[in-house]
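Enquirer: Sequence:
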Amino acid sequence: MEYKEIYEDSIAHPEKFWAEQADAIEWYNKPETILSKDENGYPLWYKDGELNICYLALDKHIQDGCGDQVAFIYDSPVTQTVKKYTFSEVKTEVAKLAGGMQSLGLKKGDTAIIYMPMIPQTAFAMLACARIGVIHSVVFGGFAPHELAIRIDDCKPRAIITASSGIEVDRLIAYKPLVDEAIALASHRPKKVIVFNRKLGARIPFKKYDVDYDALVYGSEETPCVPVNSNHPLYILYTSGTTGKPKGIVRDTGGYAVALKFSMKYIYNVKEDETFWAASDMGWAVGHSYILYGPLLNRNTTIIFEGKPIKTPDASTFWRIISEHKVGTMFTAPTAIRAIKKEDPDGEFIKQYDLSHLKNQFLAGERCDNATLEWYQQHIPIPVIDHWWQTESGWPMIANSLGIEKMPVKSGSATKAVCGYDIRIFNENGDELSANEEGLVVVKLPLPPGNMLGIWENEARFKAGYFTKFDGYYLSGDGGYKDEDGYIFITGRTDDVINVAGHRLSTAEMEEVVASHHSVAECAVIGIHDELKGQIPLALVVTKSGDEIEHYQLEQEIIKLVRQQIGAVASLRNVVIVHRLPKTRSGKILRKLMRSIADGEEFQIPSTIDDESIVEEIVTTLKKYKIGVYNI
1 MEYKEIYEDS IAHPEKFWAE QADAIEWYNK PETILSKDEN GYPLWYKDGE
51 LNICYLALDK HIQDGCGDQV AFIYDSPVTQ TVKKYTFSEV KTEVAKLAGG
101 MQSLGLKKGD TAIIYMPMIP QTAFAMLACA RIGVIHSVVF GGFAPHELAI
151 RIDDCKPRAI ITASSGIEVD RLIAYKPLVD EAIALASHRP KKVIVFNRKL
201 GARIPFKKYD VDYDALVYGS EETPCVPVNS NHPLYILYTS GTTGKPKGIV
251 RDTGGYAVAL KFSMKYIYNV KEDETFWAAS DMGWAVGHSY ILYGPLLNRN
301 TTIIFEGKPI KTPDASTFWR IISEHKVGTM FTAPTAIRAI KKEDPDGEFI
351 KQYDLSHLKN QFLAGERCDN ATLEWYQQHI PIPVIDHWWQ TESGWPMIAN
401 SLGIEKMPVK SGSATKAVCG YDIRIFNENG DELSANEEGL VVVKLPLPPG
451 NMLGIWENEA RFKAGYFTKF DGYYLSGDGG YKDEDGYIFI TGRTDDVINV
501 AGHRLSTAEM EEVVASHHSV AECAVIGIHD ELKGQIPLAL VVTKSGDEIE
551 HYQLEQEIIK LVRQQIGAVA SLRNVVIVHR LPKTRSGKIL RKLMRSIADG
601 EEFQIPSTID DESIVEEIVT TLKKYKIGVY NI
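Just so we're aligned: 344 in UniProt numbering is position 344 of the sequence shown, and the numbers increase by one with no gaps anywhere.
Calculated from the structure, these hints are not laboratory results.
None of the values given here were measured: they were computed from a predicted structure.
Be careful, since some hints might not be right.
Only pairs whose alpha carbons sit at most 30 Å apart, straight line, appear in this in silico DSS-like list of lysine-lysine [unchecked claim]:
(1) Lys592 with Lys560
(2) Lys108 with Lys207
(3) Lys245 with Lys588
(4) Lys311 with Lys560
(5) Lys469 with Lys37
(6) Lys37 with Lys207
(7) Lys265 with Lys245
(8) Lys588 with Lys624
(9) Lys107 with Lys326
(10) Lys207 with Lys265
(11) Lys30 with Lys342
(12) Lys624 with Lys342
(13) Lys245 with Lys191
(14) Lys245 with Lys444
(15) Lys308 with Lys588
(16) Lys351 with Lys311
(17) Lys16 with Lys30
(18) Lys406 with Lys351
(19) Lys16 with Lys308
(20) Lys108 with Lys463
(21) Lys96 with Lys16
(22) Lys83 with Lys60
(23) Lys351 with Lys326
(24) Lys533 with Lys592
(25) Lys83 with Lys245
All chains should be modelled from the sequences, with the hints used to inform the complete structure.
Expert: Set out below in structure tokens:
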């Protein structure tokens, strides 16, 4: 069957389609009700089904005779450690940890926060929670105590699972003092803090609520999986909200398992036994779906990587891992590839490794610019697949579904809607737009399995944020358009479209042109206030290492490029050079923050920012060049 036929079947007959996909996983009680609605009219999947996702990720493969297959490869260039764990080894550790958690009083329906670095014990903790029906909330390791306290008060965990330390490129970060401070700041008091001691020298101040991870595991018996309802929350994952208060996205269990299994086969085209690597962090949606649950459900070997694409020790790290561990499919953010490209523009490191096992490179998290795409394919001639999804969806919404039909790639497009997603482009009035007209990206309900159940204990915010603007549709918050072939182009968040003298212009389009300049490693284009034209674009660029181009020359060359390729209407006049762009830890550029700084608005530094010191550099740079509100 071709994509068109399968996709149209998924939209026309969603119950039949997703009933068939549910057969791909094993249930304790197979669902008879495939699609229903909750008391607020929100779609629910498989409401009478019972299962356990830890069983599907571990126990089932062991029962099928695959216990000796490697489940995890832990590769940590920061500690110079490589360690492999079989499915049997992981199951033993997870089942004992789960038993130990039960002995501490944790039970089905309780919540637990996991605040850890990228180490195997993070995955063990997540799976142990899932094994006994405890709802886990992974908080990115190294978050400031204030941010951790907000999450403690929101999801009220019975326990926190942490490690003694995390490691950045140049320093050790002691986690335990951060956890203790967060608990002191929070109104809610967790009963226990389970601490895994990495023995790297970090300070571990002892508190009465502390429990040693190793002692808990080795002093416990293995506990069996606890069956849970399909709509039992598997996890809460916090994402930035427009109000500044994080939103706790709640994920179900059954629909998520079905969707991930479907995606591994039909989107990523990954066979069982293959090695799959998502170079992300467990604290993000990618980590949950494609470091942990997706690959394990599909019986793949998955890599837990503790390091960075550069400086651990250099820009060869990704290629070494792909070569050593025979990675078949990789998934990362374009920002990682841009960082490597900046350090190694001629791809010299790539030539040193055997990358023959690598079949496909997937990119997501941010729109991939054409210059990065071309650089990658010039040095590694394999398909580079840009795809689009959100924390809210939990799995891809737009992709080149390689396991169904490999479609031609169009630069700038994430290809076509994934099965189950009826994606439309609306204007502000809710009218559907014609081909190549840019508008708001929305999805007709019901959303397919695996999407969010809601926002943790905040139904009003859930409805207001996603479903109030257009009745019967999910508002994605992104802008885009479809071309005449049905390819979908995401142009960025709806507030990343700027209005220059009445002309709606995409900053993503301008970024494409700016990024094509030979001296530019990375860039962001934002719209800043202008008395005459309403808004004008500002380009912030990071130049390639070793490139000594003078600022005025670079500015004039970029202005000329934009004028040539977009036209004078773009009105790009200002280009500034910065050492780094402010980003979230998952690699998304914080354009809204930079726009607020330039416009002199009050701004809140997001809790997800990678490095707060960059904000001061942006302010200083804009003052230096007298740009935006500093143009006095």
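Enquirer: Against this structure, judge whether each hint is valid.
Expert: The hints, checked one at a time:
no.	hint	in the structure
1	Lys592 with Lys560	holds (26 Å)
2	Lys108 with Lys207	holds (26 Å)
3	Lys245 with Lys588	holds (18 Å)
4	Lys311 with Lys560	violated (34 Å)
5	Lys469 with Lys37	holds (20 Å)
6	Lys37 with Lys207	violated (45 Å)
7	Lys265 with Lys245	violated (36 Å)
8	Lys588 with Lys624	holds (26 Å)
9	Lys107 with Lys326	violated (39 Å)
10	Lys207 with Lys265	violated (46 Å)
11	Lys30 with Lys342	violated (51 Å)
12	Lys624 with Lys342	holds (25 Å)
13	Lys245 with Lys191	holds (25 Å)
14	Lys245 with Lys444	holds (27 Å)
15	Lys308 with Lys588	holds (15 Å)
16	Lys351 with Lys311	holds (18 Å)
17	Lys16 with Lys30	holds (15 Å)
18	Lys406 with Lys351	holds (27 Å)
19	Lys16 with Lys308	violated (43 Å)
20	Lys108 with Lys463	holds (27 Å)
21	Lys96 with Lys16	violated (39 Å)
22	Lys83 with Lys60	holds (23 Å)
23	Lys351 with Lys326	holds (16 Å)
24	Lys533 with Lys592	holds (19 Å)
25	Lys83 with Lys245	violated (38 Å)
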